[in-house]
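Chemist: Position chain B relative to chain A; hints supplied.
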Amino acid sequence: MSLKNIIDYVREEGAAYCDIRKERWDTTSLTLKDGEMEKVTSGNEEGAMVRVLYNDGWGNVGTSDLAELKNAADRAITMAKNSDKYKKEQTGMADVETHEEKVEMPMEENFLDISTEEKVSFLKDLEKHLDKSFVRSTELRYIDRLVDKEIATSDGTHIEMKIPRIVTYIIITGKSDTIQRASEGIGGTGGYELTGRAYEKKDVVLERLETLLEAQTPPSGKMSLIMDPHLTGVFSHEAFGHAAESDLVSTGNSCLEGKMGEKVASEIVTIRDDPTMDGYGSFPFDDEGTKARNRTLVEKGILNDFILDRENAWKLDMEPNGGARAEDFRVKPLVRMSNTIMEPGDMEFDELVEKVDKGVYAKSSGGGQVNTGEGTFQFNAQEAYLIEDGEIVKPLRDVSFNGFTLQTLQNITGITKELDTGIGHCGKGQTAAVTDGGANVLISEVTVGGRE
Amino acid sequence: MNGKLTDSVKKALELLGKKNLNGDVFGIKERNISYSIKKGELSESSEYEDLGLGIRVIKDGKIGFGYCTPGKEEKGVRRAEELSSISQKLELNLPDEEEVPEPKIFDKKVEKSTLEGEGAEFTQQVIDGAKEYKDDIIPTRGSLSIGIGTKVLGNTKGVFLQHEGTAISTGVLATIPGDETSINASESRFSRKMDLNFTDIGKTAAKKVDSLREASELPEGKIPVVINPDAFGMLMWFGIVPAINGENIRKGKSVYEGRKKEKVASEGLVMKDDPTRDWGIGSGSFDDEGIPSREVSIIENGTLTNFIYDLKEAIKSDTESTGNGLRGTFKNPPEISDRNIVLRGEGKKKEKLLPDKGILVDGVMGAHTLNPASGDFSVVGTPAWLVEDGEIEGKVEGAMISGNLPETLETIELADDYKKSYASIGSREIKMDLPSARFNDVTVSGK
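So the protein sequences, as listed, match chains A and B.
Residue numbering for the first sequence is 1 to 452, as defined by our numbering.
Residue numbering for the second sequence is 1 to 447, as defined by our numbering.
Only chain A is shown next, with the shape it has when bound in the complex:
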């Protein structure tokens, strides 16, 4: 049965809405550790998810057995009916323009045409560039993945799209009085040509490790913070972006609820999330078949938009903007970000540093976490420096900082001119490929956690 036939069948059973997302994944994953090819794997998998809305209840069934798609649809109908029995609040799907399109995101050099031997040679060559006396251990990972999707909805959308993603990780470890590690993920949506970016970033990782080996533990307490472009991106994503996800807003789990059109950040802050720009989180259509577009979440400090899928757009009486993403065919789409950017400003880096009496200059993310309802966040920087009286004084290690999202966004007092981005994986029960970016940003006050 075609996807359309199954959808027609589900509608005949009385469903209010149905969509099916069929996916095929081709993946190669290689790991070179300390000169040895530790992991060489390749494989493909396929499956589909059927989502059914019956009155106000959802039933979602994912299966890796495509021959059993009709059974999956039957199960989804039963589950949706069962959910409906418990559901009191109304559910609906906001209208979107329907599309019938076939899209292939471009690869200048198709990674499926490159032999595994050549990919191994790339890692081995990259490893040679990391041969420094202070590097005790190296780990290089290469992953390429082509996802071929077909999405059909009961509204008449039918999308076929191919999304290629590729990433290289450089992880190096060294030892002085403590063991330190530095890492960087480099990649994007595209083909084998993106491996070239790994060579551009290798020196950054080497310098970071060398600095960390001489770094001291940070002070603790309230002070100023300058974030580098990558950390600014992660801050925009974690502290602000998650609170702008409409599923959290509509369930009372966001500090941005009820603040549309209000000032939520300093007037120099503009944050957008754009799946159509060049990035690791790019896609042409979301996993409900809605055409991707830029979302300007904050414009000059004013809350302007949320990330919206169709159901939450319906609940909030807003327009869906392509915010539904699923990790794979086993799971339903959630409201997710893509490429999140804080727009650059007009200052020079030296001007930011001069404004700081006591503070920390933090570079590159070591991860972060957020409580969107309470509006609090925690971040870790891979590399950091102490600033005293407007001058960078010495390197620090294991710097974490935390604060209140809305207060911190108001405390942004300077942004530099240059934009840079980094890639990452966002976890929200499911994993999503994302890009985060921005410029150097000065926050007048956050809490830095240190052991001193």
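For the record, the hints were derived by calculation from the structure and aren't laboratory data.
Predicted model only: the values in this text are computed from it and were never measured.
Among the clues, some could well be false.
[As the list claims (entries may be wrong)] One-sided excerpt, in silico: chain B residues whose CB lies under 7 Å from chain A: (1) 251; (2) 252; (3) 342; (4) 369; (5) 374; (6) 445.
[What the hints assert, rightly or not] List time: in silico DSS-like cross-link candidates among lysine-lysine, alpha-carbon distance up to 25 Å: (7) B:222 x B:89; (8) B:89 x A:85; (9) B:251 x A:87.
[What the hints assert, rightly or not] To be clear about the criterion: a stretch of chain A counts as covered by chain B if any three or more of its residues have a C-beta under 8 Å from a C-beta of chain B, and this derived list gives those stretches: (10) 53–61; (11) 249–260; (12) 322–332.
All residues carry an ideal CB built from backbone N, CA and C; glycine is no exception.
Modeler: Quick look at chain B alone, frame taken from chain A:
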């Protein structure tokens, strides 16, 4: 569907045999049903069924790995064989047929609930437990998940093993809405059998959030921090588990390198990885390479005794596999993983651990930002409460807790409120059986 899985594994093994190749085939079948809670209601039901094979080929001493779905075994074997030519040479010694332990991990009642859709009713009980505690408390988000999984492992030396397990887990976030921001607290529990009290899970989350209405001033400096099992488990997993990994030991990437037989933890502390325990989160008959499960002692009465190894690392470190080769999914080759870490100590009543001046912490933000090589951490304790004269007072906000986990372990005190703590962060699964603890060597800041 088990027949389909075992047939597929057998077919792949036959293909290896025909090609005169050594190797093993790992098959996995999972069925998971989950229910979502949104804004005080059960909002949706989801299900997935997954089936797949991982094929490891050893050709001329080199290992290649491919994966596929049933019916595509030939392609999977071919891919693994091709890839073997470019991997490292390592004389991997696959296990022979051996007796395996049979810990209890399968509960028929859990299986029955998946067939009869009882999960929706259990979810409703979680919701009601929270809602009935106080009118203004809403279970805004949460989920309940019931799963059945089967693992099959066969190798070309004649090993053919199979085990099946059940699991039920639920977590709920209870919220008190506010004008600017809300207050929230969560509770989560995991079991392999049908013994969870669903109403109590909702009620516990509600009770926790209810205790956060009044604020106290955050004490700062080197003060004791009492940490509940889930948050403690997260820190242990990110801070200590990498340090007992045999590969990190060999490569000098662990703080425990060269410290076997040394005192690394407080008197009486016992840490073991024991997948042979009945109803353990990570229990099972064998690891994902076919090694029979066994109890591995890691810390005995505060002294470091052993590390964990899979087959590959055992060769490199000139030791034996401890049965710690896991794959996560059929798509990954085995790698060293903890299985069912059990932590025990002197077992004081938790109330006895509460200090004269300190804080009590239920959750931590940023456990995954802990430095896995050094064990240094700086996380936010939330929710957290002030403790004064052994009594729990109001909530404290923005409590940044910083320290070094291996050093903290040397003076740690453990309670007796043991919990099977489970969390998944991305593809990582945190499985710990441990109590609350008191950290005596950390710095709190953030006022």
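Chemist: Checking one constraint from the list: CA of residue 222 of chain B to CA of residue 89 of chain B, max 25 Å. Satisfied?
Modeler: With a Cα-Cα distance of about 51 Å, the restraint between residue 222 of chain B and residue 89 of chain B is violated, given a limit of 25 Å.
Chemist: Under 7 Å is the threshold here; is the Cβ of residue 369 of chain B close enough to any Cβ of chain A for the hint to stand?
Modeler: The hint holds - residue 369 of chain B has a Cβ within 7 Å of chain A, the shortest such distance being about 3 Å.
Chemist: Residue count check for the region 249–260 of chain A against chain B: does it reach three with CB-CB under 8 Å?
Modeler: holds (count 5)
Chemist: Regarding the hint that residue 251 of chain B lies at the interface with chain A, is the smallest CB-CB distance below 7 Å?
Modeler: holds, 5 Å
Chemist: Report holds or violated for chain B covering the region 53–61 of chain A, Cβ cut-off 8 Å, minimum 3 residues.
Modeler: holds (count 5)
Chemist: Does residue 342 of chain B pass the interface hint, meaning its C-beta sits closer than 7 Å to a C-beta of chain A?
Modeler: Check failed: Cβ of residue 342 of chain B comes no nearer than 27 Å to chain A, outside 7 Å.
Chemist: Does residue 445 of chain B hold up as a contact with chain A if the rule is Cβ-Cβ below 7 Å?
Modeler: holds, 4 Å
Chemist: Using 7 Å as the Cβ threshold, decide whether residue 374 of chain B counts as touching chain A.
Modeler: holds, 5 Å
Chemist: Three residues or more, CB to CB closer than 8 Å: is that satisfied between the region 322–332 of chain A and chain B?
Modeler: holds (count 3)
Chemist: Is the hinted pair residue 251 of chain B and residue 87 of chain A satisfied, with a Cα-Cα distance of at most 25 Å?
Modeler: violated, 55 Å
Chemist: Hint residue 252 of chain B vs chain A: min CB-CB distance below 7 Å?
Modeler: Holds. Min distance 6 Å.
Chemist: Below or equal to 25 Å on CA atoms is what counts here, so check residue 89 of chain B against residue 85 of chain A.
Modeler: With Cα atoms ~59 Å apart, residue 89 of chain B and residue 85 of chain A exceed 25 Å; violated.
In summary, the structure is inconsistent with hints 3, 7, 8, 9 from the numbered list given earlier, while agreeing with the others.
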